[in-house]
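A.B. asks: Let chain V serve as the given structure and place chain L on it in line with the hints.
One letter stands for each residue in the lines below.
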Amino acid sequence: MKIHLTSIFVDDQAKAEHFYTEVLGFVKKHDVPVGEKDRWLTVVSPDEPGGTELLLEPAGHPAVKPYRDTLVADGIPLAQFAVDDVRAEYERLRALGVVFTQEPVEMGPVTTAVFDDTCGNLIQIATKPE
Amino acid sequence: MADDLFKALADPTRRTILDELAEQSGQTLFEICGRLSMKHQLGISRQGVSQHLAVLEAAGLVETRREGRYKFHDLNTAPLRHIAERWPVPDTSGPEESTS
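In the order they appear, the protein sequences are chains V and L.
Just so you know, the numbering used here puts 94 at position 94 of the first sequence, and the rest follows in order with no gaps.
Just so you know, the numbering used here puts 92 at position 92 of the second sequence, and the rest follows in order with no gaps.
Bound-form chain V, shown alone (with noise of 0.2 Å):
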C-alpha cells in the first residue's frame, strides 16, 4: 500500500489552484469538471511529477467549516510539507503577502514553520536536517 493522492479542502478552487501553483509553486496535474461547478483538481510537486497528488477540494459539505474553523484558532495545520530551507520558504513567501502563525522555529531534529493557505487552512512546513 502507498500514499497516491490526499486531499485538502478549499473554499474556492480557482483561488486554491492560483495559490497551490503560483504562489506554492506545484504543478497542476489533474483539472476534470465534475457537477455543476466543482472540478477533480490535483497538483503535484514540481520534484516529483509522478509523485503522491494533493486534491484541492471543495468545502461545501456542512461539516468542514466548523472542523477548520476550532483547527485553525488553534494553529493546527491540515497538511505537511517538507522544504529544502525552511527559513528561505519563509522569506520567500512572506514577501508575496503569505501570512505565517508560526514563524520558524528550531523544534529538536526539524525546523518548523505554519501559514495560512488562504483557502482556509493551515499548513506547515518544515525541513529535516540530513
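Worth flagging that the hints you see were computed from the coordinates, not collected in a lab.
There's no promise every hint is true.
Here are the in silico distance ranges between beta carbons for each label pair [said to hold, decoys possible]:
1) L/H82 x V/T21: 22 to 32 Å
2) L/T13 x V/W40: 39 to 49 Å
3) V/G25 x L/R86: 26 to 36 Å
4) V/E48 x L/K39: 28 to 38 Å
5) L/R69 x V/V23: 16 to 26 Å
6) L/R81 x V/K29: 51 to 61 Å
7) L/D11 x V/P33: 55 to 65 Å
No farther apart than 25 Å at their CA atoms in a straight line, the calculated lysine-lysine pairs in the PhoX-like style are these [stated by the list, open to error]:
8) V/K2 x V/K37
9) L/K39 x V/K128
10) V/K65 x L/K39
11) V/K29 x V/K15
Quick reminder that beta carbons are idealized off the backbone N, C-alpha and C, glycines included.
C.D. replies: Relative to chain V, chain L alone:
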C-alpha cells in the same frame, strides 16, 4: 492572589511553557505543543497542554488574544511582582560584596 499563582508555578511543565513563551511570545496551541514534544520530549496530549494553559491563564501569567481566525498565547509576568512585593528583594547591585 497568591494561591493561583503559586499553584501555576508549582508544576514543571507549566514552567517550561512559560520559558517557551518568554523566548517567543504569541504562540498558537499547536506551536506550544510542538515545542514541548520536540524540544523537551514532553509527551503531553493537546488536551493536557490546554489544561496547563488554562491554569496559567487563571493565574494571569498567560493571556490569549484572537487575531483574525487564530488564537495566540502571550506571556504576562506582571503577577510575579506580587511575590517580590510580599518578600522584597534587596536592591543591591552586588549582594556578595557588601562593603560595610
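A.B. asks: Hint by hint, say whether it matches the structure.
C.D. replies: So, going through the hints one by one against the coordinates:
L/H82 and V/T21 have their C-beta atoms about 55 Å apart, which leaves the hinted 22 to 32 Å range violated. As the Cβ distance of L/T13 to V/W40 is approximately 46 Å, the hint placing it in 39 to 49 Å holds. Taken as a hint, the range 26 to 36 Å is violated for the pair V/G25 and L/R86, whose Cβ atoms sit roughly 57 Å apart. For the pair V/E48 and L/K39, the supplied restraint of 28 to 38 Å holds, since their beta-carbon distance comes to about 30 Å.
For L/R69 and V/V23, the hinted distance range of 16 to 26 Å is satisfied, since their beta carbons lie about 19 Å from each other. A beta carbon spacing of about 59 Å between L/R81 and V/K29 agrees with the range 51 to 61 Å that was offered as a hint. The beta-carbon spacing between L/D11 and V/P33, approximately 56 Å, falls within the hinted interval of 55 to 65 Å. Between V/K2 and V/K37, the direct Cα distance comes to roughly 30 Å. Violation of the 25 Å bound is thereby established for this hinted pair.
Between L/K39 and V/K128 the alpha-carbon distance is near 14 Å, which keeps this suggested pair within the 25 Å criterion. This hinted pair does not check out: V/K65 and L/K39 have alpha carbons roughly 32 Å apart, beyond 25 Å. Simply put, V/K29 and V/K15 have alpha-carbon atoms about 16 Å apart, close enough for the 25 Å limit, and the pair holds.
Against the hints set out earlier in the document, violations occur for numbers 1, 3, 8, 10.
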